[in-house]
Amino acid sequence: MQKESRAYKELGVQRNLGLPKESYTLKESGLQKFGKIFKTFNRGGLLLFFFFFFLALFPSLFAPYSPSERFIPYEAPSEAHLLGTNDIGNDILSELVYGTRISLMVGFASACISTVIGLSIGLLAGYFRGWTAEVLMGFTDVVLLLPKLPLIIILGAFLRPSVWILILVLGLLSWESLARIVRAKTLQLRESGYVKSAQCIGFSSFHIMCTDIIPNLVHVILPKFMLATASAMISEASLSFLGLGDPSLKSWGIMLSFAFSRGGFIRDMWWWYLPPGLCITFCVLAVALLGFGFEPKTGVAKKEVVKLQ
Amino acid sequence: MISTAVKKTFRYLSSFALIVSLNFALPRLMPGDPVKNLIGEDVYVSDLVIEELRAELGLNRPLLEQFLAYIQALLRFDLGYSYHLHSPVAEVLQERIGWTLLFVGVSVGLGAGLGVFLGAYAGWKPETKLSRGLSCGFILLSCTPPYFLALLFLGIFAFKLGLFPFKGFYDTLTLGSIASHLFLPVSVLALFSASRNFLILRGSVIQEKEELYALYARAKGLYEREILFRHVVKNASLPIITLLALDFGFLFSGALFIEIVFSLNGMGTLIYDAIIGKDYPVLQGAFLLIALAVLIANILADFLYAVVDPRVRRPA
Chain A
1 MQKESRAYKE LGVQRNLGLP KESYTLKESG LQKFGKIFKT FNRGGLLLFF FFFFLALFPS
61 LFAPYSPSER FIPYEAPSEA HLLGTNDIGN DILSELVYGT RISLMVGFAS ACISTVIGLS
121 IGLLAGYFRG WTAEVLMGFT DVVLLLPKLP LIIILGAFLR PSVWILILVL GLLSWESLAR
181 IVRAKTLQLR ESGYVKSAQC IGFSSFHIMC TDIIPNLVHV ILPKFMLATA SAMISEASLS
241 FLGLGDPSLK SWGIMLSFAF SRGGFIRDMW WWYLPPGLCI TFCVLAVALL GFGFEPKTGV
301 AKKEVVKLQ
Chain B
1 MISTAVKKTF RYLSSFALIV SLNFALPRLM PGDPVKNLIG EDVYVSDLVI EELRAELGLN
61 RPLLEQFLAY IQALLRFDLG YSYHLHSPVA EVLQERIGWT LLFVGVSVGL GAGLGVFLGA
121 YAGWKPETKL SRGLSCGFIL LSCTPPYFLA LLFLGIFAFK LGLFPFKGFY DTLTLGSIAS
181 HLFLPVSVLA LFSASRNFLI LRGSVIQEKE ELYALYARAK GLYEREILFR HVVKNASLPI
241 ITLLALDFGF LFSGALFIEI VFSLNGMGTL IYDAIIGKDY PVLQGAFLLI ALAVLIANIL
301 ADFLYAVVDP RVRRPA
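Taken in sequence, the protein lines are chains A and B.
Counted the way our numbering counts, the first sequence spans residues 1 to 309.
Counted the way our numbering counts, the second sequence spans residues 1 to 316.
Hints listed in this document are in silico derivations from the structure and should not be mistaken for laboratory results.
Note that CB positions come from ideal geometry on N, CA and C, so glycine has one too.
Once the Cα atoms are required to be at most 16 Å apart in a straight line, the calculated EDC-like pairs of lysine to aspartate or glutamate come out as: (1) 36/B x 51/B; (2) 125/B x 226/B; (3) 36/B x 56/B; (4) 8/B x 134/A; (5) 234/B x 211/B; (6) 8/B x 302/B; (7) 234/B x 210/B; (8) 8/B x 141/A; (9) 7/B x 141/A; (10) 196/A x 212/A; (11) 234/B x 309/B; (12) 36/B x 47/B; (13) 125/B x 224/B; (14) 160/B x 268/A; (15) 7/B x 134/A.
Examples of chain A residues lying across from chain B (beta carbon under 10 Å, computed): (16) 138; (17) 151; (18) 158; (19) 237; (20) 243; (21) 244; (22) 278; (23) 283.
Turn these sequences into a full structure, and let the hints steer you where they fit.
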């Protein structure tokens, strides 16, 4: 750890020198960069992530039954049903496998929305400065102060439960920290040589932002994107627990909520409430670890986990 | 200094304005009949009463007029009437918020203490097995949904082992009874709060211990423990203050879920019942109150920050 933090310091010093390093990274091909990044990943996190990813892609390969097929309700784990059955007789293992896709989809989709919003606001505020920045960052600070989950609860209660609304609301309410980081980084980048030269040549601001600034923001955005995904997955699980999820698409949160409200917990059916909870935890962990992997500085990266929820 | 204070005040005020206008706009914007949205669905009232209410709530008057009426009502602490609970929302909330604040306050305090102490240790000696274990544990913890951990605790300690009661705030209104009822929920929430503080403090101690003042303290011949707790932790824990304030909203929401799991009669169960019964006035009142609490926590943190760190007070 000590070595790592030293290495980070050196890295930091190099980065502060600014121009040469930045222009150097530009010349690297995407593949080289990816290879470099790949080495820093936590192997366990990567494995875990791909496991869940395959579950989400090909649920029919892993699930023994269809999630809507019905058997005898409230059965204990047996050879036919490895994790037993729930109150209406669905096979819990199959439900679990099919739930992966929904949880991951909600996470990634809402992270996409929040990344696009955060990126645009941070980029505009950082590039144009002046009153644009004042207004945009003021707005960001104001939104940052809103308590997210209670607001989502209210919106969820007014609107009909649906995955799309959930994704939209989660995405629209979680972009502030990304906007701040992007702005800080853009402020740095806009002073660099290649941006200045592009301005002198007379490229439009939009063109400069797209071709010169955004590519250099990727390593700031990616970890944030993964953390946004992780936190959206937790929020989805929490909202589903309150009965605000989409009951027609059974995510892990909804399974857990049903296990709690329909007697799985009182009857001490651990095979009903434990697996979805553990799945949420480990899937979020995998996504978060992947996010740390994108960070260039491994030692300090763990701080970021706090932004999760 | 003055300009930043003005800016901050302005931001807090606009935040407050945004919260109030959201609260005003939501029932009127959302799909469905605004009367239903304002009094809650699943309420059995006759059509006559609905028409009366429509006139009384002024829903057919211009929006600006409605907004002014709404602000006036707010200034009188009138948050509407819950047709489910048959009492004014303000009263209901008043009854519940005290317990929740007690619950959250105790947990946040404990969590901050635990997180700072363990985080300082883990940052000071990141190589030891104990700190590695702690880091892994707390990272895993921060990836768990709060209510799932609450469920596990309830299942293991209350149902299986029977060590603690599993329902309510108290049997009899004595300190012992309240303490034994609150022990499990408080420890769950404190662990969550601690996990966030731990990770922040660990990172910041790792950075701070390389600074020259730590080296100087060591050169003076101070004990390791003294360097850590008298010098390094003081500087390293500054980010915690900001975090505590921003976290307050998160912890408050986490507390809601934990309350539901442990059937504590606080804001959480109130909101849960309101969601199930579509009792919108209660939901809105609760949102307003929570938002206000978060806002106040942030203002307090700003003051505290200026008190603790003299650099903030000095003009840049």
